[in-house]
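Residues per chain are reported as follows:
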Amino acid sequence: MSGHGKHLHNANKTCWNCPAADIVGSIDFTACGQSRERPEEEHDGQILIECRRRPELGTFDPSITFEQCPEWEPTDYGYMLKNMRVMILGIDGYLGWTLALKLARLGCQVSGIDNYTRRDCVMEKGAHTVVPIARMTQRLEAAQEVLGLTINFRRMDIRDMDKLNEFMQEVRPEAIVHYAEIPSAPYSMVDAEHAIETQNNNTLGTLGLLWVMKDVVPESALIKLGTMGEYGAPLTGRPLFEGMFSSDAVLQWDEREWSMGGEITPRDPVSFYHCSKVQDTFNIYEACKYWWLRSYDIMQGIIYGVHTPEVCKDYRLRTRLDIDEWFGTVINRFVAQAVLGIPLTIYGKGEQIRGFIALADAMECMTRLLVSPPEPGQYDVVNQVSGLHKIADLAEVVAEVGKDFGLNVEIQRLENPRVEAEQHPLEVVSQKLPNAFGFRPKITLEEEVTEMLKLLTRPEIQSRIEMKKHTVMPKTRWSGEKRDSEVLEVYEPGTREQEGYQGRLVTGEAQPTMRLSAQ
Amino acid sequence: MSKRKVIIGIDGAPFSLMEELADQGVIPFLRSLARDGVFRPMRSSVPAVSSVSWSSIVTGRNPGEHGIYGFSDMVPGTYSIRYPNFLDLKRPPFWHHETGNCVIINVPSTYPAQPLQGCHISGFVSPRLEKAVYPSSELETLETLGYRVDLDVEKAKQSELVLYKQLYETHAKREELADYLWEEYHPAVFMLVVTGSDRIGHFGWHHWQDQDHPSHDKFLEYFRRVDQTIERIAERLNPEDRLLVLSDHGMEGSVHEVNLNACLMDGGFLKLDQGEARKYNRIQEGSAAFALENGRVYVNERERFPKGSVEASQQEALLDRLTEFLAQLQVNGGKAIRQVHRREEIYYGDNLHKAPHLVAVPNPSFRLVGRLTADLHQPSRLPGMHNDQAFLMVRDPRADEIVPETPTVEDVVSIIRD
Chain A
136 MSGHGKHLHN ANKTCWNCPA ADIVGSIDFT ACGQSRERPE EEHDGQILIE
186 CRRRPELGTF DPSITFEQCP EWEPTDYGYM LKNMRVMILG IDGYLGWTLA
236 LKLARLGCQV SGIDNYTRRD CVMEKGAHTV VPIARMTQRL EAAQEVLGLT
286 INFRRMDIRD MDKLNEFMQE VRPEAIVHYA EIPSAPYSMV DAEHAIETQN
336 NNTLGTLGLL WVMKDVVPES ALIKLGTMGE YGAPLTGRPL FEGMFSSDAV
386 LQWDEREWSM GGEITPRDPV SFYHCSKVQD TFNIYEACKY WWLRSYDIMQ
436 GIIYGVHTPE VCKDYRLRTR LDIDEWFGTV INRFVAQAVL GIPLTIYGKG
486 EQIRGFIALA DAMECMTRLL VSPPEPGQYD VVNQVSGLHK IADLAEVVAE
536 VGKDFGLNVE IQRLENPRVE AEQHPLEVVS QKLPNAFGFR PKITLEEEVT
586 EMLKLLTRPE IQSRIEMKKH TVMPKTRWSG EKRDSEVLEV YEPGTREQEG
636 YQGRLVTGEA QPTMRLSAQ
Chain B
6 MSKRKVIIGI DGAPFSLMEE LADQGVIPFL RSLARDGVFR PMRSSVPAVS
56 SVSWSSIVTG RNPGEHGIYG FSDMVPGTYS IRYPNFLDLK RPPFWHHETG
106 NCVIINVPST YPAQPLQGCH ISGFVSPRLE KAVYPSSELE TLETLGYRVD
156 LDVEKAKQSE LVLYKQLYET HAKREELADY LWEEYHPAVF MLVVTGSDRI
206 GHFGWHHWQD QDHPSHDKFL EYFRRVDQTI ERIAERLNPE DRLLVLSDHG
256 MEGSVHEVNL NACLMDGGFL KLDQGEARKY NRIQEGSAAF ALENGRVYVN
306 ERERFPKGSV EASQQEALLD RLTEFLAQLQ VNGGKAIRQV HRREEIYYGD
356 NLHKAPHLVA VPNPSFRLVG RLTADLHQPS RLPGMHNDQA FLMVRDPRAD
406 EIVPETPTVE DVVSIIRD
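From first to last, the protein sequence lines are chains A and B. 136 is the number of the first residue of the first sequence in this note's numbering; add one for each residue after it. 6 is the number of the first residue of the second sequence in this note's numbering; add one for each residue after it.
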C-alpha cells in the first residue's frame with residue numbers, strides 16, 4: 136500500500152457510518168431519559184451505540200473518526216474496516232467474481248451467493264462466455280491455491296428468503312454488494328416470460344433482500360447495482376443528476392416554489408429490465424426511510440473489459456465475457472466483432488451517447504464505496520462512469536486499436552432494434568465518486584480495448600468466439616418481433632464527419648444552484 | 006434475624022416538594038416517617054445530576070474517587086462522547102461489603118448489572134435489558150412481567166397522556182418486581198430507586214406548581230402511588246430494621262437554557278468547524294475549552310485531546326480567564342451562573358485528573374447545556390431542572406445519632422453502615 140501519509144477521503148467518517156456500531160437507543164440529558172427511538176432533536180438527544188468490535192468502550196456517541204479508530208486501517212482506497220465481512224450477491228457473475236477476488240485480496244472476509252442464473256440465461260440463449268470460466272468449486276479452489284484466499288460460497292436463489300436469512304445470520308455481513316440481478320435489456324424484451332422473469336428475479340429478489348436485512352443485519356451497507364439506463368437519455372439534455380436532487384434544488388411553478396432537495400430525480404427507463412432497476416430504486420429508498428437501512432445505489436455506466444490484477448493470475452480465476460446480443464455489452468461486442476471480421480454493429484444513427492466504465496475502474500469504485508459506508512437511514516446514489524462516448528465513436532476506437540492487431544475493421548449501421556433516441560444530448564453529473572470517495576479513473580478506453588484484443592485474439596478464445604458467431608447479430612426487437620435488422624450502411628472507419636451532440640461529464644466539485652422552473 | 010437495611014430512592018425529588026406533599030396529605034406514609042424519624046435536606050453532588058450523585062450515594066465517595074462526573078465523558082484520545090457505566094465506577098458500591106442477600110433495583114448508573122449475592126437490576130441508562138439483570142436467570146421473569154427500566158422519553162415527549170400512562174405503568178411493574186424479588190431473596194439489604202419522580206419533574210414541574218393545571222392531580226397521584234409502594238415495603242420491616250428514603254438531587258422550575266459552548270465561542274475560547282464533522286469533532290485547533298452538559302468545562306489540553314492546543318504551563322491563566330468570563334455571563338439581564346468551581350475545590354482523590362477543569366453551577370431558573378450551536382440561550386425546553394436540594398429520611402432507633410445535621414450524598418453509606 137502507498138500514499139497513506141496524505142489525508143484519506145474517509146478519515147473524518149465516524150462510527151455513525153460504521154457497521155460495527157450497534158445502535159441501542161438514545162438518551163436525553165435534559166430530561167434524564169432514555170429511549171429506543173431516535174431523538175427528535177439531535178441537539179437534545181444523543182444516540183447510544185455499542186461497538187460490536189470494541190465492547191470495552193461501553194455505550195457511547197457514534198463520533199469516533201475512522202482515523203482515530205484502530206479497527207479502521209489506511210489503505211489505497213481510504214480507511215478500511217479490518218477483515219470487513221462483505222457478502223456479494225451474484226458472486227459468480229462478471230462483476231461479482233471479479234470484486235470477490237479484489238476484496239478478499241484486500242483482507243475482506245468475502246462470502247457470496249449465486250444460483251448460476253447468468254450461466255443458465257446465457258446457455259438458454261445458446262450463447263457462452265468467450266473467455267472460459269471455471270465451475271464455482273474450481274474457482275474457489277483456485278482462489279485458495281493461487282491467491283491464498285478463502286471465499287465462503289453458498290448456492291442459493293436470492294428469492295429464497297429462508298436460506299438467505301440463515302446465511303446472513305451465519306455471516307453477519309458488514310456490507311452487502313448486490314449484483315444478483317438479470318442484467319440485460321434485450322433479454323427482458325424477448326417475450327412476456329423473459330420480461331416477467333427479469334422483473335421477478337430483480338425486483339422481488341431485492342424486495343425480499345430488504346426485509347431480510349431489516350431483520351438480520353440492518354447495520355449492513357447495501358451497495359446495490361443500478362444502471363445509468365434508469366435515467367434514460369432525455370431529449371431535452373437536462374443533466375442526469377446523481378439520483379437525488381441536491382438540497383438547494385427548487386421547483387418553480389405558478390409563481391410559487393418548492394424545495395426538491397432529497398427527492399428522487401426523474402427516471403426514464405428504456406426496457407423492462409431498466410424498469411426493474413427503477414422499481415428497486417424506490418423500494419430501497421423507502422426501506423432506508425422506514426427501517427434505517429443504508430444504501431448506495433450505483434448508477435453504473437456500461438461496463439467493458441476483462442482485466443483486473445486478480446482475474447489475470449490464473450485461467451481458472453478469469454471472469455466471464457459475453458458477446459452475444461443479450462448479455463454482451465457494446466464495447467465487449469465490438470471487440471469480438473472485430474476479431475470475427477464482422478462490421479461493428481451500431482444501431483440506427485449510432486449517435487446515442489452513453490456513460491462507460493472499465494471493469495477494473497468499476498471495481499475500484501465499488502471498493503471505495505464499501506470502505507465509506509452511508510449513515511443509518513441514508514439512501515444515496517452515485518453515477519459510476521468514467522467517460523461518455525457516442526456509440527459510433529466507440530466503433531472508431533475499436534477499429535483503430537484493431538489495426539495494431541492486423542484487423543481490418545468496418546462499421547455497419549443497423550436498423551435499430553430498440554426504441555430509443557438515436558440522437559440526443561447527454562450531460563451526466565458524476566461528482567460524488569471523484570470528490571467524496573477519491574476516485575480517479577486509471578484505465579483509458581484504448582488501453583482496455585488493447586488488452587481485450589490481446590486476449591480475444593488468442594486462438595483458443597478466437598475459436599470460442601467463432602462457435603457463437605450466430606448469437607452476435609441482434610434479433611430481439613423491442614416490438615416483440617424476432618428478426619434480423621436491416622443493414623442500413625456499411626462504412627470504413629475514419630470516413631464519417633463528427634456530427635450531432637457531444638456528451639458532457641460533470642465531475643467538478645462545484646454544485647450549481649438548481650432551479651427547476653415550470654413556467 | 007439480623008438488622009435489615011432498606012434504602013428507597015426517589016430520584017429528583019427536592020426536600021421542599023416532599024415537605025409540601027406531606028403537608029397536603031398526598032404522601033401520608035412518608036409524612037409519618039418524617040415525623041417519627043429524621044427528615045432533612047441533603048446536599049447533592051456537583052453537578053447535581055443522577056449519575057454523579059447516585060455514584061456518591063452508593064460508594065460514599067467523592068467524584069474524584071469514584072470517577073463519575075456526569076452522564077457523559079470522552080473516549081480517550083478522541084472527541085467522542087461516551088456514557089460511563091457501572092464498570093467505570095472506581096470504588097465498590099456499599100452492597101459489596103454487606104453480608105446476606107442484597108436486592109438492588111433501578112439504581113441509576115449501575116449498568117451493566119454485576120455479580121453479587123442476590124439480585125441486581127440496573128437503572129437508567131440501561132439500553133439492553135439482558136445486560137441489566139443479574140443473575141441472568143431472572144431475565145425471563147422481567148420479560149414475562151413486561152418490566153422496563155424507564156419510560157421511553159422520546160414517546161413521553163409526544164403527549165402528556167403517554168407520559169403519565171408510562172409513568173404509572175413503569176412504576177406498577179417496578180413495584181411488582183420488588184415484591185417478587187423480596188419474596189424470592191429475603192434480602193438483608195434492599196435498595197429500590199423510583200426514577201419516574203425525576204421524569205415527572207422534568208416534564209411536569211408546571212403541573213405541580215400550577216394547582217389549576219389539568220394534570221395537577223395526575224402529578225399528585227404519581228407520588229401517592231410512590232408513597233403506597235414505600236409503605237408496602239416498610240410493612241415488612243421490623244422496628245429495629247433501618248429504613249432510608251432519600252433523593253439524589255432536587256428539582257425546580259427552568260426558564261432559560263444557556264448554551265455554554267455558544268458562550269465560549271462568543272468569548273473566543275472555542276472555534277467550531279462548520280463542515281460535516283460530527284459533534285465534538287468540529288472543535289478546531291486553537292480552541293482553548295469546550296463544555297459538556299451540566300456546566301462542565303474542559304480545557305482543550307494538548308496532552309489529552311486530538312486537536313488539543315493548551316499547554317500545561319498556560320492552563321492556570323486560562324482557567325482564571327474562563328472563571329471570570331463564566332461568572333459574569335448575563336442572560337436576559339440576569340446572572341446565569343451562581344458559582345464557578347475549579348475541580349480542586351470540589352473534588353479530591355486519585356481520579357481527579359479525569360474531572361472537568363471547571364464546573365459552573367447555575368442560578369435558579371437557568372439550565373446549563375452544552376450544545377454545539379451558536380445559540381447563546383433560548384427558552385427552556387422542559388419546565389423542570391435539577392438543583393442540589395435533595396432530602397433524606399431515616400427511620401432507625403438511632404437515627405438522630407447517625408445522621409449529620411447537614412448531610413450530603415457522600416454521607417449515605419456511613420448512615421447505612423453505622
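Because the hints were derived from the structure by calculation, they are not lab data. We put the CB at the ideal spot given by N, CA and C, even for glycine. One should not assume that every hint holds.
[As the list claims (entries may be wrong)] Derived DSSO-like pairs: lysine-lysine, alpha-carbon spacing no greater than 27 Å straight-line:
no.	chain 1	residue 1	chain 2	residue 2
1	B	K160	A	K349
2	A	K484	A	K349
3	A	K217	B	K312
[Unchecked claim] Which bits of chain A does chain B cover? Going by a derived footprint, with three or more residues having C-beta under 8 Å, they are:
no.	segment
4	142 to 156
5	180 to 190
6	225 to 235
7	429 to 437
[To be verified] The following residues of chain A were derived to be distant from chain B, with all beta-carbon distances above 12 Å:
no.	residue
8	Q169
9	R171
10	R254
11	M291
12	E510
13	A571
How the hints compare with the structure:
Distance restraint check for K160 (chain B) and K349 (chain A): the Cα-Cα separation of roughly 22 Å lies within the 27 Å cut-off, and the hinted pair is therefore satisfied. Straight-line distance between C-alpha atoms of K484 (chain A) and K349 (chain A) comes to about 47 Å, which puts the hinted pair past the 27 Å bound. A C-alpha spacing of about 25 Å is found between K217 (chain A) and K312 (chain B), which places the hinted pair at or below 27 Å, so the restraint holds. Here's how the segment 142 to 156 of chain A fares: 4 of its residues keep a CB closer than 8 Å to some CB of chain B, so the rule of at least three is met and the hint holds.
Residues of the segment 180 to 190 of chain A with a Cβ under 8 Å from some Cβ of chain B number 4, which satisfies the need for three, so the listed coverage holds. Coverage of a stretch by a chain is defined here by at least three residues with a beta carbon nearer than 8 Å to that chain's beta carbons; for the segment 225 to 235 of chain A and chain B the count is 0, and the condition is violated. For a cut-off of 8 Å, the count of residues in the segment 429 to 437 of chain A with a CB near a CB of chain B stands at 0, and the three-residue condition is violated. Not every Cβ of chain B is farther than 12 Å from the Cβ of Q169 (chain A); the closest lies at roughly 5 Å, contradicting the non-interface assignment.
Consistency note on R171 (chain A): stated as away from chain B, yet its beta-carbon is not over 12 Å from all of that chain's, at 6 Å minimum. The beta carbon of R254 (chain A) is kept farther than 12 Å from every beta carbon of chain B, the shortest such distance being approximately 44 Å. A cut-off of 12 Å between C-beta atoms confirms that M291 (chain A) is not in contact with chain B; the least separation is 32 Å. A Cβ of chain B approaches the Cβ of E510 (chain A) within 12 Å, the least distance being about 10 Å, so the stated non-interface status is violated.
Under the 12 Å C-beta cut-off, the non-interface status given to A571 (chain A) relative to chain B is violated; the minimum distance is some 10 Å.
Checked against the numbered hints listed earlier, the structure breaks hints 2, 6, 7, 8, 9, 12, 13; every other hint is satisfied.
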